[in-house]
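There are 4 protein chains.
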Amino acid sequence: MAKLYFKYGAMNCGKTTILLQTAHNYEERGMKIIVVKPSKDLKAGDNIQSRLGAERKVDYLVKPDESILEIAKDNLDVDCIFVDEVQFLEPKQIDELLKITIIYDIPVICYGLRTDFKTNGFPASTRLLEIAHKIEEIKTMCRCGAKAIFNARFVNGKLTNEGDQVAIDGFDNVTYESMCPKCYYEALNGKVKKLTK
Amino acid sequence: MAKLYFKYGAMNCGKTTILLQTAHNYEERGMKIIVVKPSKDLKAGDNIQSRLGAERKVDYLVKPDESILEIAKDNLDVDCIFVDEVQFLEPKQIDELLKITIIYDIPVICYGLRTDFKTNGFPASTRLLEIAHKIEEIKTMCRCGAKAIFNARFVNGKLTNEGDQVAIDGFDNVTYESMCPKCYYEALNGKVKKLTK
Amino acid sequence: MAKLYFKYGAMNCGKTTILLQTAHNYEERGMKIIVVKPSKDLKAGDNIQSRLGAERKVDYLVKPDESILEIAKDNLDVDCIFVDEVQFLEPKQIDELLKITIIYDIPVICYGLRTDFKTNGFPASTRLLEIAHKIEEIKTMCRCGAKAIFNARFVNGKLTNEGDQVAIDGFDNVTYESMCPKCYYEALNGKVKKLTK
Amino acid sequence: MAKLYFKYGAMNCGKTTILLQTAHNYEERGMKIIVVKPSKDLKAGDNIQSRLGAERKVDYLVKPDESILEIAKDNLDVDCIFVDEVQFLEPKQIDELLKITIIYDIPVICYGLRTDFKTNGFPASTRLLEIAHKIEEIKTMCRCGAKAIFNARFVNGKLTNEGDQVAIDGFDNVTYESMCPKCYYEALNGKVKKLTK
Numbered sequence: 002m003a004k005l006y007f008k009y010g011a012m013n014c015g016k017t018t019i020l021l022q023t024a025h026n027y028e029e030r031g032m033k034i035i036v037v038k039p040s041k042d043l044k045a046g047d048n049i050q051s052r053l054g055a056e057r058k059v060d061y062l063v064k065p066d067e068s069i070l071e072i073a074k075d076n077l078d079v080d081c082i083f084v085d086e087v088q089f090l091e092p093k094q095i096d097e098l099l100k101i102t103i104i105y106d107i108p109v110i111c112y113g114l115r116t117d118f119k120t121n122g123f124p125a126s127t128r129l130l131e132i133a134h135k136i137e138e139i140k141t142m143c144r145c146g147a148k149a150i151f152n153a154r155f156v157n158g159k160l161t162n163e164g165d166q167v168a169i170d171g172f173d174n175v176t177y178e179s180m181c182p183k184c185y186y187e188a189l190n191g192k193v194k195k196l197t198k
Numbered sequence: 002m003a004k005l006y007f008k009y010g011a012m013n014c015g016k017t018t019i020l021l022q023t024a025h026n027y028e029e030r031g032m033k034i035i036v037v038k039p040s041k042d043l044k045a046g047d048n049i050q051s052r053l054g055a056e057r058k059v060d061y062l063v064k065p066d067e068s069i070l071e072i073a074k075d076n077l078d079v080d081c082i083f084v085d086e087v088q089f090l091e092p093k094q095i096d097e098l099l100k101i102t103i104i105y106d107i108p109v110i111c112y113g114l115r116t117d118f119k120t121n122g123f124p125a126s127t128r129l130l131e132i133a134h135k136i137e138e139i140k141t142m143c144r145c146g147a148k149a150i151f152n153a154r155f156v157n158g159k160l161t162n163e164g165d166q167v168a169i170d171g172f173d174n175v176t177y178e179s180m181c182p183k184c185y186y187e188a189l190n191g192k193v194k195k196l197t198k
Numbered sequence: 002m003a004k005l006y007f008k009y010g011a012m013n014c015g016k017t018t019i020l021l022q023t024a025h026n027y028e029e030r031g032m033k034i035i036v037v038k039p040s041k042d043l044k045a046g047d048n049i050q051s052r053l054g055a056e057r058k059v060d061y062l063v064k065p066d067e068s069i070l071e072i073a074k075d076n077l078d079v080d081c082i083f084v085d086e087v088q089f090l091e092p093k094q095i096d097e098l099l100k101i102t103i104i105y106d107i108p109v110i111c112y113g114l115r116t117d118f119k120t121n122g123f124p125a126s127t128r129l130l131e132i133a134h135k136i137e138e139i140k141t142m143c144r145c146g147a148k149a150i151f152n153a154r155f156v157n158g159k160l161t162n163e164g165d166q167v168a169i170d171g172f173d174n175v176t177y178e179s180m181c182p183k184c185y186y187e188a189l190n191g192k193v194k195k196l197t198k
Numbered sequence: 002m003a004k005l006y007f008k009y010g011a012m013n014c015g016k017t018t019i020l021l022q023t024a025h026n027y028e029e030r031g032m033k034i035i036v037v038k039p040s041k042d043l044k045a046g047d048n049i050q051s052r053l054g055a056e057r058k059v060d061y062l063v064k065p066d067e068s069i070l071e072i073a074k075d076n077l078d079v080d081c082i083f084v085d086e087v088q089f090l091e092p093k094q095i096d097e098l099l100k101i102t103i104i105y106d107i108p109v110i111c112y113g114l115r116t117d118f119k120t121n122g123f124p125a126s127t128r129l130l131e132i133a134h135k136i137e138e139i140k141t142m143c144r145c146g147a148k149a150i151f152n153a154r155f156v157n158g159k160l161t162n163e164g165d166q167v168a169i170d171g172f173d174n175v176t177y178e179s180m181c182p183k184c185y186y187e188a189l190n191g192k193v194k195k196l197t198k
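Chains as they are written, first to last, in the working numbering: chain X, 2 to 198; chain R, 2 to 198; chain G, 2 to 198; chain L, 2 to 198.
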């Protein structure tokens with residue numbers, strides 16, 4: 002029976018690399034896949050890019066009011082559907098992803114963040130955490146060596162906890178750093194240690 | 002560094018058994034622990050009971066407006082805090098649990114459900130899924146043999162998807178059955194297969 | 002497709018409790034299971050007992066020269082086969098367990114230790130680590146709070162690293178303590194910290 | 002406390018890609034790492050290459066009679082040691098890796114295969130499975146869609162179960178295909194399904 006997977010991890014943990022590698026594994030065995038991405042993600046246009054250098058064209062840019070179930074219906078011959086930057090979908094689209102696994106028996110593997118720079122859940126990610134068959138963490142480390150969980154936002158290099166939920170990395174002088182909860186709260190309270198990078 | 006754990010699983014997967022076993026492991030090594038439970042959980046009063054027969058008195062029944070951080074502050078000598086039926090806490094109390102791990106360096110292990118009988122998240126569980134250091138599933142199986150994820154509610158033996166989010170198992174003729182998504186949706190659509198139990 | 006599982010963990014981590022709980026979950030859903038144990042395990046006769054108090058009669062005591070494949074063949078109506086103290090089987094019996102999952106499509110869940118008191122693998126466990134579909138750790142902690150991995154043997158309360166691989170806990174003044182690698186090697190080198198229990 | 006990790010997976014599951022991504026994550030945070038590889042691995046000389054295109058020069062080619070403990074001693078300023086193709090080390094070198102985590106408090110992350118083309122364990126991998134702090138599977142799928150576990154060897158495109166344990170992929174007309182146990186045994190028994198690739 003097909004399953005809905007959520008592989009989550011903080012910013013820059015390597016989610017896209019693992020998506021590209023897993024997609025490669027499928028295709029190397031002669032299987033067919035599609036890769037979709039929310040249209041809300043402006044980074045790299047209709048491409049997805051790994052920081053290791055690999056990249057791939059996205060098959061569908063999914064709009065907020067679009068039915069993913071319909072996209073699946075048009076691709077019933079695929080062996081797997083990959084979703085990158087899943088946090089930018091709508092929650093009702095996550096329920097559709099679950100239905101794809103049940104009705105069409107096609108596995109769906111989603112990659113994304115759990116929470117925004119204020120530690121609030123992205124609605125689609127929260128829904129995935131609630132109903133995914135399988136939740137798996139892709140780990141990365143904080144500047145202190147501990148596991149990073151939160152995503153701190155910097156505007157012009159200055160830490161902030163104000164602004165809209167969505168601000169794409171690299172646009173409008175926004176950057177992110179993934180941090181463990183301890184370093185994140187210390188940084189917010191002004192006790193910012195010197196960045197190692 | 003202490004961590005906040007969420008060990009989730011569908012109804013009757015054995016969460017309380019594993020809580021009691023882990024608590025036993027700590028105490029067997031001479032370590033000190035406390036077990037807390039939301040006061041909202043009416044089952045077994047201030048006891049927690051495993052279906053295998055083991056039981057234990059709860060150290061604190063936590064009220065919705067109570068500070069768990071204060072409870073921890075009164076127990077800084079403990080090696081671990083266990084939370085049973087964590088889904089009945091308030092979301093802000095989950096943020097307190099994270100702070101306990103950061104400020105007091107005490108690990109907190111929570112056991113509970115992800116979603117209610119309508120597949121909606123319990124607010125405290127959703128918050129835990131968003132910010133826990135570590136999320137781990139305690140598995141059980143559906144009547145069909147697949148992994149159970151959802152919790153179907155039966156009133157007088159009849160499946161329902163109406164009613165309040167909280168209705169304790171065994172009270173007011175309410176019972177639950179943990180199901181895989183496929184069986185759950187089929188059952189709701191009237192295609193209920195004969196129960197094996 | 003049925004799978005061969007190895008749930009390993011150091012002494013006293015709660016393996017038998019989890020076996021009993023999982024077996025209970027199967028039976029509660031009207032499914033049929035059998036529990037087997039190597040005859041080499043002298044503890045509790047043909048019973049298995051959890052330190053939490055629960056217990057159960059074993060269906061088969063498997064001798065070193067016995068075929069588990071034949072036992073399975075006589076029980077093709079079961080939904081799952083449980084193996085306790087799997088480290089005391091023979092390696093060729095582990096290959097039979099894998100065949101049971103392939104030929105008869107019956108899942109097999111094994112519980113046991115990875116290594117003996119000298120950190121050498123038990124041959125059956127080693128074979129399981131090599132070929133099991135799924136390996137899962139049941140964790141417990143060392144006296145120092147870190148995760149325990151090794152099993153230190155004490156004779157008359159004195160740590161030893163000499164003797165036969167198999168010496169059952171509680172017989173001939175033998176006891177065990179599960180330890181992290183650091184504490185284990187320090188203890189062997191005479192730097193034994195005061196036991197907390 | 003530093004840990005010894007074993008991330009295992011069948012041929013072509015993407016182990017090297019994940020090594021390169023994790024190494025990248027460390028260095029991006031200003032941390033220092035070294036990558037070592039057994040000299041027995043002839044593939045790509047002193048490089049490691051991911052099938053996605055990324056590559057990296059290895060810092061040390063470790064000979065069978067060389068002490069990895071000494072290599073670590075010369076690099077006490079590193080934050081992590083990565084080992085690729087770990088199955089080609091000697092078992093006693095695995096015990097050294099554990100000691101590196103205990104004595105020098107440096108984490109060691111190993112990537113490799115569990116078993117050879119006959120399903121026999123590689124001695125170093127078997128030792129790792131016995132004593133690693135943490136064992137994690139990197140999954141890939143069989144031609145049939147199930148999880149691949151075994152590594153079938155083909156010589157001139159013909160499946161074989163004879164020959165030396167070590168024969169490097171791509172040399173002497175040797176190729177490998179990762180398979181689930183069911184397909185592997187069926188293929189060996191002459192019931193080879195048409196390859197999809």
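Honestly, the hints are just simulated from the structure, not real lab data. Be a bit skeptical, because a hint or two may be false.
Copies of one chain are not kept apart here, so a pair can be met inside one copy or by any two copies together.
As the list claims (entries may be wrong) - In the DSS-like style, the derived pairs of lysine-lysine whose C-alpha atoms are separated by at most 27 Å in a straight line are:
#1 Lys183 to Lys58
#2 Lys44 to Lys183
#3 Lys159 to Lys74
#4 Lys140 to Lys159
#5 Lys64 to Lys159
#6 Lys58 to Lys119
#7 Lys119 to Lys33
#8 Lys100 to Lys159
#9 Lys135 to Lys74
#10 Lys159 to Lys33
#11 Lys41 to Lys183
- Violations among the numbered hints, reported as their numbers in ascending order: 1, 2, 3, 5, 6, 7 and 11
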